[in-house]
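Chains as they are written, first to last, in the working numbering: chain A, 2 to 169; chain B, 669 to 929; chain C, 86 to 697.
Treat the hints as calculated values from the structure; they're not laboratory data. Mixed in with the good hints, there may be bad ones.
What the hints assert, rightly or not - Some chain B residues judged to face chain A by a derived CB distance under 7 Å, without partners named: (1) His721; (2) Ile745; (3) Ser749; (4) Ala756; (5) Thr760; (6) Leu786; (7) Ala793; (8) Ala874; (9) Val916; (10) Ile928.
Since we're looking at a predicted model, the values are computed, not measured. For every residue, glycine included, the Cβ atom is placed at its ideal position computed from N, Cα and C.
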Amino acid sequence: MAHPASHSDAAHDDGHHGHYVAPVSLLLKVFAALVFFTVLTVATGRADWIPSALHVPIALTIALIKVVLVAMFFMGLKHDNRVNTVILSLTTIFVIVFLGFTLFDVTQRGDLGNVDQMTAADRAYMMHEDSVRYAQTAAVTAALADSTAAADSAAAPSAASPDSTAAP
Amino acid sequence: MPPGHPNGVRADRNWPLRFDFTTPMASAPATLTVDSPEVHDAHAHDHPPHLQHHFVSSEQQFDAAKMGMWLFLATEILLFSGMFVAYAVFRTLYPATYEACATALNTMQGAFNTLVLLGSSLTVALAINAIQRDDQKGLQRYLLLTLLGAAIFLVVKYFEYTHKFHSGIFPGLAFHPYGEEFGHLATVPYARQFFSLYYVSTGIHAIHIIAGMVVLSWVYLKARKGTFSSSYYTHVELGGLYWHLVDVIWIFLFPLLYLIH
Amino acid sequence: MAQTLTADPHAPTAHGHAAHPTDGSYNYLNYDKTFMSWAKTVDHKRIGLMYMVTLALVFLVAGLFAIALRTELIATNWTNYAAGEQDAAGTIMNANTYNWVFTMHGAMMTFLFLVPSVPAILGNFVLPLHLGAKDVAFPRLNLASYYFYIAGAVLVIASLFVGQLDTGWTFYMPYSARTNGSVTFLTMAIFIAGFSSIFTGLNFIVTIHKMRAPGLTWNRLPLFVWAMYAVSLVQVLATPVLGITMLLLFTERIFGVGIFDPALGGDPILFQHMFWFYSHPAVYIMILPAFGIISELMGTFSRQRLYGYRAVALSSVAIALLGFLVWGHHMFVSGQSAISSIIFSLITYLIGIPSGIKVFNWVTTMYKGSIWLQTPMIYALMFIFLFTIGGLTGVMVGVLAVDVALHDTYYVVAHFHYVMMGGTVIALIGGMYYWFPKMFGKMYSERWAKIFSLFVFVGFNTTFFTQFLLGAKGMPRRYWDYIPMYEHLHQISTIGSYILAVGLFGVLGTWIWGLMKGRKAPQNPWGAATLEWTHATSPPDPHNFTATPVVTRGPYDYYLADEVFLTRNAPSSGDGAAGDGSDGDVPQGDGSGDGAAATVVARPIVRDFKPH
Ligand code: HEM
Ligand SMILES: [Cu+2]
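The task is simple: from the sequences and hints, build the whole structure.
In structure tokens, the structure reads:
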């Protein structure tokens, strides 16, 4: 070959344009599967008999399956250059790293009592108390609004300042 | 210089990356070849009008464009990952809030929109399938269907948003829920964070839908002019990839925002 | 033949490229001299030069800010209130202005100068040449990337009319949500400039994968290309997170969404996580390209195959990937959990390893080489010295217990200036000297370049080594004033910064002088073995190469070329084999188009340039 027409990675089949053509029937089947998983995720998401700790993992697993289906068949990764799959996988890994480290820190914060004495569990408990207090405050506000016939009963206290308006 | 000299060239192994990175010239003769203009001319038949001058073949151009698109999609995923991280952090900090707020979102509308987006993903895939078979009419029809799906999605979103606005559910400081349906949220601490994240992430997603509609409309106009064929449909493919990504993001947003109990 | 879709006035004519002279007199600089031909160019070489001019301006402005800072610190404004003294006015500016100036200095230097610097200037110019390609994979995207950068820079300037930015370049919450509106502009500016960075990275990755010349296998890539590959990965994977961080900060300011703002129930540490998830990898965006330049210089000026090619290549990629796992070392005293700090501290030690591998390999490359002390090599040696100090002190501040004391002191300031200025900027200057003949076809004055390199070296160390001492004694960073015990060191540092400024203006002077008056540069003044020297004229043809090069050996195989030459050409040629002066003709010129594929015997890679 006098002139090396093939550059780099494009080398596999230069000259003719034989892209893989996904058959229509396959695309329809994939779509059917996606619809099925959507229904499934709604069903499991609403089911009360599933322990609440499992809701997120189940939803995420189903979402992941759906995404793999879309990526492999609709986006054609299955028959594509491998490097594109590598790109997607690398991206996923970095998302996991980002999410993992950050969440880890959030759940551990206050571990040595160095800054914040509260752990996430404490906070969750406090939140529960907060909401009780909020309910009381709202009730008081509503009662006040009723008795004085104040115009704007809609102005419930801002969710952001739990302590400032807390009724004893 | 003896052949075994450490500074001499070593046997060329396909190292360190084993997948498809080879070039076929690894065993080229030890000379520098210079191809003359005539050699280029010999390849003139290889140069269809869409081929840019710095590429050697259509195949190379197509592969490069597609890889570029995948890298761009990677950046999109990481962009959204920031929002997912924020979501996860607040869900960990305030789980009760999230359960209380997620029920306030209309699951049926969300599920309906999910199906619409999945359908439009299908039609884009069918559009590519059509042009691969040189079916011009099919390409145009499926592109239009995709655009229709995108439009339906946005209309549903519009009703979702305005419905919440009417009850004072705004992002950020303006958040002050009232009324029968949403009034109880006023007593839920940190509900603002949930709805802010809801608005920011679905809002940015909606912007992507709009961007996707612009891209696909442009592809549609080109398709009407008969630009594409089974040997050249790069823009259809790239537009399709982008559209699938918008779908993928929604596949995650939907259960996380609407469904979690 | 090739029809072009680009606005490319130099598209090849129907009969190939032979219509123009191929000796460099017809080149990318002069084929079309109109303004619009520059503004709309898609030629990677021209885009590189446009970046060069723009970034030089940014560096000048941000540098002047720095000089202003140092001048303010030349004397203490210490006020003895007990003795009834009044507030001091400051040496040249008040405290608020100082906050503004150091913020602008930091933000412009990082986001508008260091992050784009080497990839945008030298990457654009050199990468396609190194690959034997006609251009990057997406030339129009490349131009778009330049204009995105300009848009970002314009927004930074626009912020000046809104208020004085005073958050520091890190925009920490919650202050950044409280202070004036210039932050809003900066978030937009950085978001938009981020696109520029992403497009460049994306373009380079695809280019390296898809546009390599025949025969250019992955282990024949010059190490500069490997470095650009690694840095592009980081750009593509990290920058979007900065984008969303800025977007969320934007919504925080506009709507008060309460994601970061603790007063609204948000989490300010989350902001730091997101910011540093980008910004630690970003320091590798700044340093990895510099590693690439140094590898080129070390090989060429030691005339020796780069020691441990694979280790150097892979350590670039390792650094790029490991760099994503250590961001928490910026947050040791932020309120991050202690266990996270410990883990981040441990991983931070690891990242010293690949950096160390590189330094060892460069030093070993020089061992028994024939070292040619031209200006680029001087900068390369300077780099090794300064980067080693910067890297080692980096590991020191990476030690959790030590950093609790040193965080936010001048010690950290000194650390990152040693790596960013002593590393990136010094390598950039060295690379500019190295490729200057290729860019402009002119030689700079070796003598003056050497003289000014001395100023740079002395000035730099005087400025920043004192800051290690200041930091160790507890001088906090970002302070407008200090107590008298720090005054002497501050004064030395300020004087050093003036020397450094003289040196840098001198460097600029040698380039301008070279442009105007410089001797015509031969094709391969350094006797380098990569394609831009062996196969392209100085300056290169608009299409880079008048014919597609075919690569048959590694980028640093100086000896291999000698060998071929000795066996085939030695008897008949008077040219010396080992690098004294010879004519400027190197293989590629021979393909003048008289016949089918012409085959040229590899000739020695000699310096075709007489050092005075
Ligand atoms: C050898 C590897 C390196 C290590 C282990 C390292 C470690 C560290 C650590 C632990 C800090 C935090 C100090 C503190 O804030 O208390 C830091 C700060 C910093 N480093 Fe490095 N570093 C390294 C290389 C680099 C390089 C190559 C660059 C840039 C080219 C760089 C730029 C910076 C900057 C800009 C900061 C200060 C950020 C701020 O404004 O707070 N570092 N480094
Ligand atoms: Cu760092």
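Results of checking the hints against the structure:
no. : hint   : result
1   : His721 : 13 Å, violated
2   : Ile745 : 5 Å, holds
3   : Ser749 : 4 Å, holds
4   : Ala756 : 6 Å, holds
5   : Thr760 : 5 Å, holds
6   : Leu786 : 5 Å, holds
7   : Ala793 : 5 Å, holds
8   : Ala874 : 19 Å, violated
9   : Val916 : 5 Å, holds
10  : Ile928 : 6 Å, holds
The structure fails hints 1 and 8 (numbered hints given earlier, in ascending order).
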